[in-house]
Amino acid sequence: MDLIVQRRIKQVIKGDQNAFGEIVELYKDKVYQICFRMLWDRHEAEDAAQETFLKAFLNIHTYNQSKKFSTWLYRIATNLCIDKIRKKKPDYHLDEEIAGTEGLNMYSHLASGGQLPEEEVESLEVQASIHEAILMLPEKYRSVIVLKYIEELPLQEIADILELPLGTVKTRVHRGREALRKHLRHL
Amino acid sequence: MTSCPKQIVHYMHEYLDGDIREEAKQELRFHIETCTDCKKHFAELKKTIALVQSASHIEAPAGFTAKVMALLPREGKKIGMERWFRNHPFLTAAALFLLFMSGGFASLFSQEDNHFAFTKNSELKVENETVIVPAGTKIEEDLFVKNGNIRIEGSVEGDVTVINGERFMASAGNVTGEIKEIDQLFGRIWYEMKSLFQ
Ligand SMILES: [Zn+2]
Numbered sequence: 800m801d802l803i804v805q806r807r808i809k810q811v812i813k814g815d816q817n818a819f820g821e822i823v824e825l826y827k828d829k830v831y832q833i834c835f836r837m838l839w840d841r842h843e844a845e846d847a848a849q850e851t852f853l854k855a856f857l858n859i860h861t862y863n864q865s866k867k868f869s870t871w872l873y874r875i876a877t878n879l880c881i882d883k884i885r886k887k888k889p890d891y892h893l894d895e896e897i898a899g900t901e902g903l904n905m906y907s908h909l910a911s912g913g914q915l916p917e918e919e920v921e922s923l924e925v926q927a928s929i930h931e932a933i934l935m936l937p938e939k940y941r942s943v944i945v946l947k948y949i950e951e952l953p954l955q956e957i958a959d960i961l962e963l964p965l966g967t968v969k970t971r972v973h974r975g976r977e978a979l980r981k982h983l984r985h986l
Numbered sequence: 004m005t006s007c008p009k010q011i012v013h014y015m016h017e018y019l020d021g022d023i024r025e026e027a028k029q030e031l032r033f034h035i036e037t038c039t040d041c042k043k044h045f046a047e048l049k050k051t052i053a054l055v056q057s058a059s060h061i062e063a064p065a066g067f068t069a070k071v072m073a074l075l076p077r078e079g080k081k082i083g084m085e086r087w088f089r090n091h092p093f094l095t096a097a098a099l100f101l102l103f104m105s106g107g108f109a110s111l112f113s114q115e116d117n118h119f120a121f122t123k124n125s126e127l128k129v130e131n132e133t134v135i136v137p138a139g140t141k142i143e144e145d146l147f148v149k150n151g152n153i154r155i156e157g158s159v160e161g162d163v164t165v166i167n168g169e170r171f172m173a174s175a176g177n178v179t180g181e182i183k184e185i186d187q188l189f190g191r192i193w194y195e196m197k198s199l200f201q
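Chains A and B are the protein sequences, given in the same order. For the first sequence, this note's numbering gives the first residue as 800, with consecutive numbering after it. For the second sequence, this note's numbering gives the first residue as 4, with consecutive numbering after it.
Quick caveat, the hints were computed from the structure, so don't treat them as lab data. Mixed in with the good hints there might be a few duds.
[As the list claims (entries may be wrong)] Once the Cα atoms are required to be at most 25 Å apart in a straight line, the calculated DSS-like pairs of lysine-lysine come out as:
(1) A/854 / A/887
(2) B/128 / A/969
(3) B/49 / B/28
(4) A/969 / B/141
(5) A/854 / A/827
(6) B/70 / B/9
(7) A/813 / B/9
(8) B/42 / A/969
(9) B/49 / A/969
(10) B/28 / A/939
(11) B/50 / A/827
(12) B/42 / A/854
(13) B/70 / B/50
(14) A/867 / A/809
(15) A/981 / B/141
(16) A/981 / B/183
(17) A/969 / A/866
(18) B/70 / A/981
(19) A/939 / B/42
(20) B/9 / B/43
(21) B/123 / B/141
(22) B/183 / A/969
(23) A/887 / A/813
(24) A/829 / A/887
(25) A/829 / A/969
(26) B/123 / A/969
(27) A/809 / B/9
(28) B/123 / A/981
(29) A/866 / B/50
(30) B/70 / A/829
(31) A/854 / A/867
(32) A/969 / A/981
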């Protein structure tokens, strides 16, 4: 896959927009997922994911072709999401919401997105709790947890994406796990 | 748990990262076997990870790629041409080399040389760097004027190309072929290259 990606990127640099379309196809789910887990809102996640690809296209010349493309792309996505979270911080304190309503929001949310119609209500509730627990994390822990456990990336790659020392990433993963444990241990 | 060694929780995380020394692992294992609080803590962490990993994987909405493609800046014609030169450095270089070698186009590259040139045809008249197709004459070939003007009073059965000059057409004048006026250096190179590869 890396070889195909590198070839497509060379074509994009040469001005072939269709080649970029193929790159979007390859990475859209991963990028959308990062954005969705970071931002909670489907529409915002879609906007952020689109913006990620637009930025990638416009800045493709700054991508170092000897490095992994996904690392560069995910960095754009996480930076964009972190930016958005900071800009609209007050909305993200879910603890302030009345207990019980988050679950409902989550239902209508998933239902309106047309996902999981076949899934059971019980697992929806569990999913909602997991999602909320991730969203309650401060953004610096949230990004490492999403990259480690949703995207299943190795710690070193996470450090590359976030441009942080490996030790810092480990500390954040540890703290993120402890914070999640407090929210999820009763499930 | 207050009496537990401080490093035990740290070892749990090292273990979960798959990055733990053998002695630390033994110490963790031994402690967990004897301490219910830490055993519970460790189990909760593992459960937490399993739950987060079970978070359903979602896909980008339908039509996502098309929306992204619609956001990309449109490629202008000029950009297209510049890109062509950039993307075909070899062809560009080869074409420029041929132009140099052909001699006639050396003038392209030195601004001082505004050498007036035109297709030799006995029917044509020339006045002050203006080529004239006199009224009543019929030129049966393509006409080419460089660094000069052309005034067409008669008829031309062929193309008329003016480089770095102007074309004047009398009401009775008539050209059956294409009329091209090229006055930018860029356009001239482009024109020459196109004819080279046709
Ligand atoms: Zn203990």
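Open item on the list: With the threshold set at 25 Å, check whether the alpha-carbon distance from residue 867 of chain A to residue 809 of chain A stays at or below it.
Closed with: Holds: residue 867 of chain A and residue 809 of chain A sit about 14 Å apart, inside 25 Å.
TODO: Would you check the hint for residue 809 of chain A and residue 9 of chain B, treating anything up to 25 Å between C-alpha atoms as holding?
DONE: Status violated; Cα separation ~52 Å.
Task: Restraint status (C-alpha distance of residue 70 of chain B to residue 50 of chain B at most 25 Å) - done: The given pair, whose Cα atoms are some 39 Å apart, is violated under the 25 Å limit.
Open item on the list: So if I understand the rule, the pair passes when the alpha-carbon distance is 25 Å or less; does residue 887 of chain A with residue 813 of chain A pass?
Closed with: Distance of about 38 Å is beyond 25 Å: violated.
Open item on the list: Hint check: residue 28 of chain B vs residue 939 of chain A, CA-CA at most 25 Å. Holds or violated?
Closed with: Answer violated: residue 28 of chain B to residue 939 of chain A is near 28 Å, above 25 Å.
Open item on the list: Does residue 141 of chain B sit within 25 Å of residue 969 of chain A, going by the straight-line distance between their CA atoms?
Closed with: violated, 87 Å
Open item on the list: residue 854 of chain A and residue 867 of chain A were given as a pair; does the straight-line alpha-carbon distance stay at or below 25 Å?
Closed with: holds, 17 Å
Open item on the list: Does residue 42 of chain B sit within 25 Å of residue 939 of chain A, going by the straight-line distance between their CA atoms?
Closed with: violated, 28 Å
Task: Agreement of residue 70 of chain B and residue 9 of chain B with the hint, judged by alpha carbon distance not exceeding 25 Å - done: Since the Cα atoms of residue 70 of chain B and residue 9 of chain B sit roughly 53 Å apart, the hinted pair is violated (cutoff 25 Å).
TODO: Would you mind confirming whether the straight-line C-alpha gap from residue 9 of chain B to residue 43 of chain B stays at or under 25 Å?
DONE: Given pair residue 9 of chain B, residue 43 of chain B holds - Cα atoms ~16 Å apart, limit 25 Å.
TODO: For the pair we were handed, residue 128 of chain B and residue 969 of chain A, check the Cα-Cα distance against 25 Å.
DONE: violated, 86 Å
Open item on the list: For residue 42 of chain B and residue 854 of chain A, compute the direct alpha-carbon distance and say whether it is at most 25 Å.
Closed with: Judged against 25 Å, a Cα distance of about 47 Å means the pair is violated.
Checked against the numbered hints above, the structure violates hints 2, 4, 6, 7, 10, 11, 12, 13, 15, 16, 18, 19, 22, 23, 26, 27, 28, 29; every other hint is satisfied.
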